[in-house]
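**Q** Read off the chains here:
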Amino acid sequence: EAGVTQSPTHLIKTRGQQATLRCSPISGHTSVYWYQQALGLGLQFLLWYDEGEERNRGNFPPRFSGRQFPNYSSELNVNALELEDSALYLCASSLEAGEVAQPQHFGDGTRLSIL
Amino acid sequence: GNSVTQMEGPVTLSEEAFLTINCTYTATGYPSLFWYVQYPGEGLQLLLKATKADDKGSNKGFEATYRKETTSFHLEKGSVQVSDSAVYFCALRGHSGAGSYQLTFGKGTKLSVIP
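Line by line, the protein sequences give chains C and P.
Okay, so the first sequence: first residue is 8 according to my numbering, each after it adds one.
Okay, so the second sequence: first residue is 28 according to my numbering, each after it adds one.
Please keep in mind that the hints were generated in silico from the structure rather than gathered at the bench.
Everything numeric in this text was worked out from a predicted model, so none of it was measured.
Be aware that a few hints might be false.
Simulated DEER-style distance windows between Cβ atoms [stated by the list, open to error]:
1. C/Gly35 - P/Lys83: 41 to 49 Å
2. P/Ser30 - C/Glu82: 38 to 46 Å
3. C/Pro77 - P/Gln108: 41 to 49 Å
4. P/Ser30 - C/Arg118: 21 to 29 Å
5. P/Glu42 - C/Glu61: 43 to 51 Å
Sample of chain P residues with no beta-carbon within 12 Å of chain C, all distances over it, derived [claimed, not checked]:
6. Thr39
7. Leu74
8. Lys87
Now the stretches of chain C that chain P is said to cover, found in silico as 3 or more residues with beta-carbon under 8 Å [to be verified]:
9. 16-25
10. 44-56
Ideal placement from N, C-alpha and C gives every residue a C-beta, glycine not left out.
Here chain P stands alone, though its shape is the one from the complex:
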């Protein structure tokens, strides 16, 4: 079945530091990959997505590249802000089989950015 593994936090960074959150996946075929962000007390917001190999998703200074050869989709940001403090989820959505269309999530990585 499908699975997502992401680095578990918590991760604490100083403002303007570089962020990497690792994410690797296992899936049959060619899944679509997503990063979602959850701010305290809220639901999930789509941060970025990539639907095929070598695609780069980007939004709000965050980037992630779909690497089929390493089955990875690492999230990066060059300079984090206090407002980026949240929980980040890597997720995939498969392309075949009855169980494909729901999202499979990683366990989430809590990021805290201190001034």
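One chain only, chain C, in its complex shape:
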């Protein structure tokens, strides 16, 4: 089965611009999670979508937002980009949210670089 796919692989932006990152979950998975992996900060939870709704968000400002489409794919939008937004953004998907024993499966990420 196809895994989680993310696009683009790399994205270069300048301060103040807006970035859009995309994620397609594994077929049959309804939950999509976004994480930020910044140098020195480890993996930080950003957003969780399930059945088209935002279910939870991490400790990030409102300029980080997203949505989930009817086919369960998802977009992460980052507005007013700042230098510290440079990071690898990872998307993960899992089966229905209530099954906490189910692992999350990750894509290869989008490397966002802010100049």
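Could you slot chain P onto chain C? The hints should help.
**A** Then chain P, alone, in the frame of chain C:
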């Protein structure tokens, strides 16, 4: 809230050496526990999981046992190979509350295996 503490590296071992990476956690209830591995330039891959006390997860020669009494989930491998060089993340997923379903990660342990 939930938290994961794992030994920070880097860890450098010779091929065929024994590996232990310590991981302890803090969580309410009975979380599910995971080890993920990240190879250079890639996303995270699930290595193994355990969903209840005394469960042992295993894969590719790696093992970890869910120890509720010590809130630990240490990763072990009897004989490492050069191909095991990667960053290893311990993670948990809770079972209750709105913030439960995302993963909480440790900071990662970089392993380098030399021939």
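**Q** So, for every hint listed, does it hold in this structure?
**A** Now for the hints, and whether the structure bears them out:
1. C/Gly35 - P/Lys83: 41 to 49 Å: Cβ of C/Gly35 to Cβ of P/Lys83: about 28 Å, so the range 41 to 49 Å is violated.
2. P/Ser30 - C/Glu82: 38 to 46 Å: Taking Cβ atoms as reference, P/Ser30 and C/Glu82 lie about 30 Å apart, which means the hint is violated.
3. C/Pro77 - P/Gln108: 41 to 49 Å: Holds - the Cβ-Cβ distance for C/Pro77 and P/Gln108, about 44 Å, lies within 41 to 49 Å.
4. P/Ser30 - C/Arg118: 21 to 29 Å: At 27 Å between Cβs, range holds.
5. P/Glu42 - C/Glu61: 43 to 51 Å: holds, 47 Å
6. Thr39: holds, 20 Å
7. Leu74: Per Cβ check, P/Leu74 is inside 12 Å of chain C; nearest 10 Å; violated.
8. Lys87: holds, 15 Å
9. 16-25: violated (count 0)
10. 44-56: Check passed, 4 qualifying residues.
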